[in-house]
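Participant: Listed here are the chains, written in short residue letters.
There are 2 protein chains.
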Amino acid sequence: MGIVVQKYGGSSLADADAIKRVARRIVDIKKAGHDVVVAVSAMGDTTDDLLDLANGVSPLPPAREMDMLLTAGERISMALVAMAISDLGFTARSFTGSQAGVITDSVHGKAKIIDVTPGRITQAIGEGHIVIVAGFQGVSADTKEITTLGRGGTDTTAVALAAALEADVCEIYTDVDGVFTADPRIVPSARKLDQVSYEEMLELAACGAKILHLRCVEYGRRYGIPIHVRSSFSQLEGTWVVSDPGSRAPEEETMEQPIIAGVAHDRSEAKITVVGVPDKVGEAARIFEALADAQINLDMIVQNISAAATSLTDISFTLPRTDGQNAMTALARIQAEVGYDKLLYDDKIGKVSLIGAGMRSHPGITSKFFGALASAGVNIGMISTSEIRISVIVDENAVDDAVRATHTAFDLDADEVEAVVYGGTGR
Amino acid sequence: MGIVVQKYGGSSLADADAIKRVARRIVDIKKAGHDVVVAVSAMGDTTDDLLDLANGVSPLPPAREMDMLLTAGERISMALVAMAISDLGFTARSFTGSQAGVITDSVHGKAKIIDVTPGRITQAIGEGHIVIVAGFQGVSADTKEITTLGRGGTDTTAVALAAALEADVCEIYTDVDGVFTADPRIVPSARKLDQVSYEEMLELAACGAKILHLRCVEYGRRYGIPIHVRSSFSQLEGTWVVSDPGSRAPEEETMEQPIIAGVAHDRSEAKITVVGVPDKVGEAARIFEALADAQINLDMIVQNISAAATSLTDISFTLPRTDGQNAMTALARIQAEVGYDKLLYDDKIGKVSLIGAGMRSHPGITSKFFGALASAGVNIGMISTSEIRISVIVDENAVDDAVRATHTAFDLDADEVEAVVYGGTGR
Numbered sequence: 002m003g004i005v006v007q008k009y010g011g012s013s014l015a016d017a018d019a020i021k022r023v024a025r026r027i028v029d030i031k032k033a034g035h036d037v038v039v040a041v042s043a044m045g046d047t048t049d050d051l052l053d054l055a056n057g058v059s060p061l062p063p064a065r066e067m068d069m070l071l072t073a074g075e076r077i078s079m080a081l082v083a084m085a086i087s088d089l090g091f092t093a094r095s096f097t098g099s100q101a102g103v104i105t106d107s108v109h110g111k112a113k114i115i116d117v118t119p120g121r122i123t124q125a126i127g128e129g130h131i132v133i134v135a136g137f138q139g140v141s142a143d144t145k146e147i148t149t150l151g152r153g154g155t156d157t158t159a160v161a162l163a164a165a166l167e168a169d170v171c172e173i174y175t176d177v178d179g180v181f182t183a184d185p186r187i188v189p190s191a192r193k194l195d196q197v198s199y200e201e202m203l204e205l206a207a208c209g210a211k212i213l214h215l216r217c218v219e220y221g222r223r224y225g226i227p228i229h230v231r232s233s234f235s236q237l238e239g240t241w242v243v244s245d246p247g248s249r250a251p252e253e254e255t256m257e258q259p260i261i262a263g264v265a266h267d268r269s270e271a272k273i274t275v276v277g278v279p280d281k282v283g284e285a286a287r288i289f290e291a292l293a294d295a296q297i298n299l300d301m302i303v304q305n306i307s308a309a310a311t312s313l314t315d316i317s318f319t320l321p322r323t324d325g326q327n328a329m330t331a332l333a334r335i336q337a338e339v340g341y342d343k344l345l346y347d348d349k350i351g352k353v354s355l356i357g358a359g360m361r362s363h364p365g366i367t368s369k370f371f372g373a374l375a376s377a378g379v380n381i382g383m384i385s386t387s388e389i390r391i392s393v394i395v396d397e398n399a400v401d402d403a404v405r406a407t408h409t410a411f412d413l414d415a416d417e418v419e420a421v422v423y424g425g426t427g428r
Numbered sequence: 002m003g004i005v006v007q008k009y010g011g012s013s014l015a016d017a018d019a020i021k022r023v024a025r026r027i028v029d030i031k032k033a034g035h036d037v038v039v040a041v042s043a044m045g046d047t048t049d050d051l052l053d054l055a056n057g058v059s060p061l062p063p064a065r066e067m068d069m070l071l072t073a074g075e076r077i078s079m080a081l082v083a084m085a086i087s088d089l090g091f092t093a094r095s096f097t098g099s100q101a102g103v104i105t106d107s108v109h110g111k112a113k114i115i116d117v118t119p120g121r122i123t124q125a126i127g128e129g130h131i132v133i134v135a136g137f138q139g140v141s142a143d144t145k146e147i148t149t150l151g152r153g154g155t156d157t158t159a160v161a162l163a164a165a166l167e168a169d170v171c172e173i174y175t176d177v178d179g180v181f182t183a184d185p186r187i188v189p190s191a192r193k194l195d196q197v198s199y200e201e202m203l204e205l206a207a208c209g210a211k212i213l214h215l216r217c218v219e220y221g222r223r224y225g226i227p228i229h230v231r232s233s234f235s236q237l238e239g240t241w242v243v244s245d246p247g248s249r250a251p252e253e254e255t256m257e258q259p260i261i262a263g264v265a266h267d268r269s270e271a272k273i274t275v276v277g278v279p280d281k282v283g284e285a286a287r288i289f290e291a292l293a294d295a296q297i298n299l300d301m302i303v304q305n306i307s308a309a310a311t312s313l314t315d316i317s318f319t320l321p322r323t324d325g326q327n328a329m330t331a332l333a334r335i336q337a338e339v340g341y342d343k344l345l346y347d348d349k350i351g352k353v354s355l356i357g358a359g360m361r362s363h364p365g366i367t368s369k370f371f372g373a374l375a376s377a378g379v380n381i382g383m384i385s386t387s388e389i390r391i392s393v394i395v396d397e398n399a400v401d402d403a404v405r406a407t408h409t410a411f412d413l414d415a416d417e418v419e420a421v422v423y424g425g426t427g428r
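Chains as they are written, first to last, in this note's numbering: chain A, 2 to 428; chain B, 2 to 428.
Calculated directly from the structure, the hints in this document are not laboratory data. As the structure is a prediction and not an experimental result, all values here were calculated from the model. Mixed in with the good hints, there may be bad ones.
Identical copies carry no separate label here, and so any pair may be met within one copy or between two of them.
Okay, derived cross-link-like pairs now, EDC-like style, lysine to aspartate or glutamate, Cα gap no bigger than 20 Å in a straight line [to be verified]:
(1) K21 x D50
(2) K369 x D402
(3) K349 x D396
(4) K145 x E128
(5) K211 x D401
(6) K211 x D195
(7) K21 x D53
(8) K31 x E238
Build out the structure end to end from the sequences listed, making use of the hints.
Facilitator: The following block contains the structure:
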């Protein structure tokens, strides 16, 4: 029997009873003959409580000390999970990110894992212990400082451990039953996906499905770690994120890989339009240089074809709403230099994305998608595509209709509505 | 200007305002040209809250995981203090016990410091930073496990750092103005001591004065670190714990070292009497062997002279009340073997101790002490002495009278009553 890596998030560790339930799940896997390594997040609202404390003493706390503070959260939860396991008659050893050998770069608050050296973990496994690791944290390679991976980073910790330990599977426990064809709060007939490819999951995560941390999926793909997303509140099979979905289907089904994995939506973006940019070489570059200097991540970019009569063009792009103010300031600063006419800001938009690896070989997906939107009376503002994704920007109020119409048009609706909670807290 | 080491306890770090006030004190020292290294305890009730969490998941949590859990408390407070300092325009670096090089043995829950390797601290000082260190914790030399030093251990962390860094002084900030000649809650006329010797402070701490951790004083004595016990709520000079009290007196006073440092009391002990022990070689040894096997620390021991007629003797000893049940069980188990008659248990006792280095050269202290107790109508149950201490066990209800009578008899009363709070929380 090989190594099973599990991840439990804060909502699965909300209180003593929740921790005891998690401990029983962990022990069950150990009893089944597996070695178990568990990455845990901070309990329930601990991280928010710590942020409140920080804001109480300083409006702008240094990032190094913020990481030192926040990492206390996982330290508490991992020790409690280890205690609960011990209370069930098994032995557990908890390790901080640093002790577990999670080596990162030195960017406080959003460090990237660059290596995992799990010597202490493998030793503890060899001694028969269940291993609990603090998620979300590591230690920088050069300065030996404590770092954090950013919100949701415990998913990444788990997959990185699974890769380093050559685990059979990385189980991500959450408060929903798996990955769905759409958000069931919007589409009650959404179906749980039994399997989804890394590529599709990456697009889903990037397009607003909050179920898995983007870097976690990237890590899983790079090292070929099967990720099993499932609920900590039931024993149901969840969704397997794998490289080749068809290969894991139950034999009797011999199912083909479906064309469409799902419909994702995102209400966290805003749109900025730079109106009347002189249609000369270098002008667009100057605009995006200014935005890059302001550390702003852009999503979709559209440049309208220049009207020959005016030799002026409009450039639109989307970005996280939280970066909106910074972007507007950065652009206003270069108005004279670039010579554009004005800036338009719109945060009443939503993005709807259709994602499926089958798009590659099935023409006609785009026209079917746009036809469904038209029938639902949804106006398309911007369009962007990748090999396995089509995204459109629509009015914020049209998002639900757009998702539902698309879901139905691609025959994704389940025959029966499953009782699911998607993105909620607890069940 | 040299290095100043400071220690702030939980009551000095109770909330955001308290942390900001501590940060201002620290920055003041830095502004005065000193390098500052600060050991901090967990905020206010954090440790109790963490203990409650542990008890919620397991009635008997493993000591290793308990240490992992509790050390989160100082991690939180040190990061917050560093943030508050940063908010005042100075830079601070916080370090865990492990990062600070606090090397201990591997006894979880009550580890002893065996070395301090403060490489990262001296580097941070060299870079101009104020250094904040998590008190109460370290890392074991052999197993690299996180350990804690036991309650009050942050005092010891501070003095150990002061020794390793060859600091000029170790300032222990607390919620009282210093060390007093007696507990001012019992003796309102008690005086603050300007200075006290390590030996006297050790006896005071061992005899119930809770103001300094015993191991902290031992450490200070061994390395000759002057310890300044003072209030974090005022700018008053506190009490200096030094090797040669006279030498630090203001020059104009040229005071002689006082004969008596103070009167301490302790209501945490119980007395057990083993009645009718056969007066043979080896019987007493068997009794104390059984108690040692049960990990019980004894304080005073008295063996009554055997009455020749019966050749039986009574053995009495005192011990922490919390060990009472264990001790009675251990002794009951050897009754047949030893052949004693019965056990008596009394936890309605108190210990009153008179402490002063001057006792060595001043005969008559004992008779004066006992005379004062007799005049106050206090009956003496047991007596024990060291070179600089006389302790008596009295009835629990007689402790206050005994302390007051002794304090007056040795002319320790102040002319005026100072407004002090002793052992309270906050002021």
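Participant: Using 20 Å as the alpha-carbon threshold, which applies to K349 and D396: within, between, both, or neither?
Facilitator: within (6 Å within a copy, 78 Å between copies)
Participant: My question is about K21 and D50: at a cut-off of 20 Å on alpha-carbon distance, are they close within one copy, between copies, both, or neither?
Facilitator: For K21 and D50, the Cα distance is within 20 Å only across copies (18 Å; inside one copy 22 Å).
Participant: What label fits K211 with D401 when the C-alpha limit is 20 Å: within, between, both, or neither?
Facilitator: within (17 Å within a copy, 65 Å between copies)
Participant: 20 Å Cα cut-off: does K369 pair with D402 within a copy, between copies, both or neither?
Facilitator: Only inside one copy: K369 and D402 sit 16 Å apart there, 95 Å across copies, limit 20 Å.
Participant: Up to 20 Å between alpha-carbons, please classify K145 paired with E128: within, between, both or neither.
Facilitator: This pair counts as between: shortest inter-copy Cα distance 16 Å, intra-copy 28 Å.
Participant: Reference check for the pair K31 and E238, CA-CA at most 20 Å: within, between, both, or neither?
Facilitator: This pair counts as within: shortest intra-copy Cα distance 18 Å, inter-copy 59 Å.
Participant: What label fits K21 with D53 when the C-alpha limit is 20 Å: within, between, both, or neither?
Facilitator: Answer is between: at 15 Å across copies they meet the 20 Å cutoff, but 27 Å inside does not.
Participant: With 20 Å as the alpha-carbon cut-off, assign the pair K211 and D195 to within, between, both or neither.
Facilitator: within (18 Å within a copy, 63 Å between copies)
In this structure, every one of the numbered hints holds.
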